[in-house]
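Undergrad: Since each chain sits alone in its own frame, please combine them into the complex, following the hints.
Spelled out, the chains give:
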Amino acid sequence: MIDVDRLLAANKSDHGEEIRRQIVLPWPQAFRIAIRNVTLRLGRAAITATGVILGIAFLMSVWTQAVVEEATQDEQSIAIATGVGASETVLDDEDLGAAATTGDEEHTEGAARRSWLVVMSLLVCGVGITNSMLMSVTERFREIGTMKCLGAMDEFIVRLFLIETAVLGFLGAIVGAILGHVIMLLVSIIRFGVSVVPKMDWGQMLIYIGFALLIGCVISLVAAVPPAVRAARMPPAAALSTEV
Amino acid sequence: MAKIECPKCKKVIETTGLVTVCPDCGADMREVMEKLARFGDEAARPKLGKDESMTTHEFIVRTKGLKKIYRMGDVEVPALRGVDLDIRRGEYLSIMGPSGSGKSTLFNMVGGLDKPSSGTCFIEEVDMAQLDAFELAWLRCRKIGYIFQTFNLIPVMTALENVTLPMIFAGMGSDEMLERGAFLLDVVGLGDRLHHKPFELSGGQQQRVAVARALANAPAIILADEPTGNLDLQTGKEIIDLLKRLNAESETTIISATHDLKMIDVSDRIVHIRDGQVERIDERADIDLEVGTLGE
Chain A
1 MIDVDRLLAA NKSDHGEEIR RQIVLPWPQA FRIAIRNVTL RLGRAAITAT GVILGIAFLM
61 SVWTQAVVEE ATQDEQSIAI ATGVGASETV LDDEDLGAAA TTGDEEHTEG AARRSWLVVM
121 SLLVCGVGIT NSMLMSVTER FREIGTMKCL GAMDEFIVRL FLIETAVLGF LGAIVGAILG
181 HVIMLLVSII RFGVSVVPKM DWGQMLIYIG FALLIGCVIS LVAAVPPAVR AARMPPAAAL
241 STEV
Chain B
245 MAKIECPKCK KVIETTGLVT VCPDCGADMR EVMEKLARFG DEAARPKLGK DESMTTHEFI
305 VRTKGLKKIY RMGDVEVPAL RGVDLDIRRG EYLSIMGPSG SGKSTLFNMV GGLDKPSSGT
365 CFIEEVDMAQ LDAFELAWLR CRKIGYIFQT FNLIPVMTAL ENVTLPMIFA GMGSDEMLER
425 GAFLLDVVGL GDRLHHKPFE LSGGQQQRVA VARALANAPA IILADEPTGN LDLQTGKEII
485 DLLKRLNAES ETTIISATHD LKMIDVSDRI VHIRDGQVER IDERADIDLE VGTLGE
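One line per chain: the protein sequences are A and B, in this order.
The first sequence maps to residues 1 to 244 in my numbering.
The second sequence maps to residues 245 to 540 in my numbering.
Just chain B, with the same shape it has in the complex (with noise of 0.2 Å):
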């Protein structure tokens, strides 16, 4: 929380760098915390990171009656029709739908990659249509990794340099990024492929790359998009295992889409969607219970 003085009404507000109008009299206040950032004062910076302030939301995601209408010539085709959708901080939630039901749209909603036709949607409580470019940026950078079903690794970086890029944007030094970028890719079993184009690794390589990428500014939420559509088993298997443990244990919260059977056994919840519309959400207790049923 850093202490802001409105230039109009003189008083002082406690913000964390996302609200930019003064709660009192309206006054724009972002030339004040501007100059506080120019100054050193970190504090009226975005507060989006690990921050103690904000790890109180209990919800990391929130949407309100999402819609996204697509426009294909002159015809309308909506995407998505109004999903509400509340995400724990700290769950593994899966999305399933057939493909066309409005999940990739959602996934890219939810992680700021694309704008709602109407509707909110909130992370860690701000709204997100609320965030200007250096912010949005920001969240993308930091706070989110992506892993996508075609890996969208850049075709002419090696791998570490696939895996610094983030660590680039997000301003960190040359040493300290070389040796985090190849100890990751050393977690994820590359160590020996550092030089690697992206054309010279297989399926399940380039995969590994993607997932150490979206790790490289430890985030908070990680968004896989069919992180396992493409993959062998083994490796679907052990990327499944690694999301798992993320989760469990330094509470990154994951949110994908898909449709492999082995992801949705690790979910805390699974989110049906159809027809642009969340048809229903399974609670991972509900599934074990009718496992337990089952077998019996």
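Same shape as in the complex, but just chain A (with noise of 0.2 Å):
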């Protein structure tokens, strides 16, 4: 079935050929790669934005959160100014200067808890991506040895794995903010009711979101760029020899 005679005729009329002294991996072509990665490797990919999709959901939620009892706190706090006023009803001065200072207690103490859940689902964002980058490099090394001698430079494999990261953690913080927004301003609706939405500050919270999926390309490709790199150093041998 092999048909050597046209190989071998094609070879000849080749000969003259000038051969061209050059190694590359036009971007082009190395985005069309990394995206035939993903999509191919579909069930892969998800995991892998699965751990960012948590990570920034819970970012953000965490966030929609802070803004949400912003707003209801404005809300208390107008309540309590505009109750004594506008209202008949008997306040002495001490009673509302103790419901001031509780308010305002009640602020700062919320405020270090989101500062401590936020910090906490960074790591969790964090450790999450590094372990899934981790993994798809690994299971990865057969081919990235095959590449290797085929003629791959070490920066085409670094090169593809950016690629390839940097589009799985964009759409995975994506996913990710919307979804822990959303589920966040349901929790908030079904808790305060409707009015709390206009009420909130969307102008943070939309400096939240760019926030979300900047945190959530930044830890996916600073944890995808070391195991790419060790990969990508390794002896073609070495990584072909790997066994996953």
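If you are wondering where the hints come from, they were derived from the structure by calculation, not from laboratory data.
Hints are supplied without guarantee of correctness; some may be wrong.
What the hints assert, rightly or not - The calculated label-pair distances, taken between Cβ atoms and stated as ranges, are:
1) B:519 x A:218: 27 to 37 Å
2) B:521 x A:22: 34 to 44 Å
3) A:26 x B:325: 42 to 52 Å
4) A:218 x B:326: 42 to 52 Å
5) A:115 x B:315: 24 to 34 Å
Claimed, not checked - So these bits of chain A aren't anywhere near chain B, every CB distance computed over 10 Å:
6) 23
7) 43
8) 152
9) 187
10) 192
11) 197
12) 209
Computed from a predicted model, the values in this text were never measured in an experiment.
Quick reminder that beta carbons are idealized off the backbone N, C-alpha and C, glycines included.
TA: In structure tokens:
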């Protein structure tokens, strides 16, 4: 079935052709390969992205809660302030002062708890993403070894993984941000009623969403680069003989 | 050959692009050579290709005192204990030996896939340890074609994409690349399976894709690590025939590690490896003689 004659004939006619002295991986080709890797390993990509999605969703829910609390607290203090003057309820100065201080204390306490939650969620996010990136690189050692046998330079491998990770990280961050935000918003609406929505600081919310996207991408890249570089630097023989 | 002026002693040196140190004063000439390369003088690039000046070497690959020690925890396991081997240009060489004898390790050293613990491996009289990352990648891309026992196709790529991958690295144009890829797959009898993924192909078909991929950039050396080990008789025979004819008619050097007697049959020389050393080398002529005596 193998048609050797044709091959030899073609080789002979190619003989005069000048041989290019370059090794390249053009960006469009790199993009094509990386995107195909994501779309064809959808299951694997989904698991990797889930790490990002969960981390960012957690982060986003904490931030959404912060904005919602901000809005409801304003409402409470307004209620306290206006309640005295407008209604005929008898409240002496001492009571009013006490209510104001508790509000303040709750406010600072809430802020401290929130920043603690943000730090925690970042950690969860970072560990989750690092873990899934590490896995997805490790299980492809063989493939990396093969590519190096075919003439890929270390940078090509790193480039492919960078594109892949950036895409996964960005998509995961978008989904995670929307998910975390929407869920927390629904919970808030159930707790405080629809009236809370227009009172929220949406400008601040957008800034938080932007941050969440940025953090998702940055953590993904930071998590994926070291294993990718390590894999790329392995001698092909070692990469090829890895059993996963 | 390119003429390069040494930045220190101003002597004009003729080099193939692989000597990076001035032989007279020892000055580093990389910068000058890179400049030359960047401004379009192709001669300053490594000339490992089919080049008139290089084809004069009798030995395409030579190893000297090649040793490789693997560390497994605290234990040192010697895989190669000093191998001296000269491989002639255009010969069909088979490396034989029981598993664990170090033939795969030797194979990896010769193919530039691993670095020896000590000793040197020359390819076209150039010490491989002296090559930088670019030159090594260039060597693997354009000079050597690899065929593995386990095929090692990229699982997410179609047959055509697998075959064109080395051509992407070699900087071939898109149309030319697809045309050559389709041609090569057609040659190995897979013209109707260009867009199949490896898992949609049988073992024999996968190995044909791997063979087509090895031939992509018309390499001067084909390294085959037990290429017929996982194949049915018919496909194995066809691949051996292909390798033999490439060897005989386009002077491609074939180096294969094998157990397959059919493969041994077409070899010019057989290197027997045992315990990390060359046990003996059989010339084809001797074997013919033996077979002849047996026949009588």
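Undergrad: Now tell me, hint by hint, if it's right for this structure.
TA: Now the hints, each set against the structure:
| no. | hint | in the structure |
| --- | --- | --- |
| 1 | B:519 x A:218: 27 to 37 Å | violated (52 Å) |
| 2 | B:521 x A:22: 34 to 44 Å | holds (39 Å) |
| 3 | A:26 x B:325: 42 to 52 Å | holds (44 Å) |
| 4 | A:218 x B:326: 42 to 52 Å | holds (50 Å) |
| 5 | A:115 x B:315: 24 to 34 Å | violated (47 Å) |
| 6 | 23 | violated (5 Å) |
| 7 | 43 | holds (12 Å) |
| 8 | 152 | violated (6 Å) |
| 9 | 187 | holds (40 Å) |
| 10 | 192 | holds (49 Å) |
| 11 | 197 | holds (45 Å) |
| 12 | 209 | holds (33 Å) |
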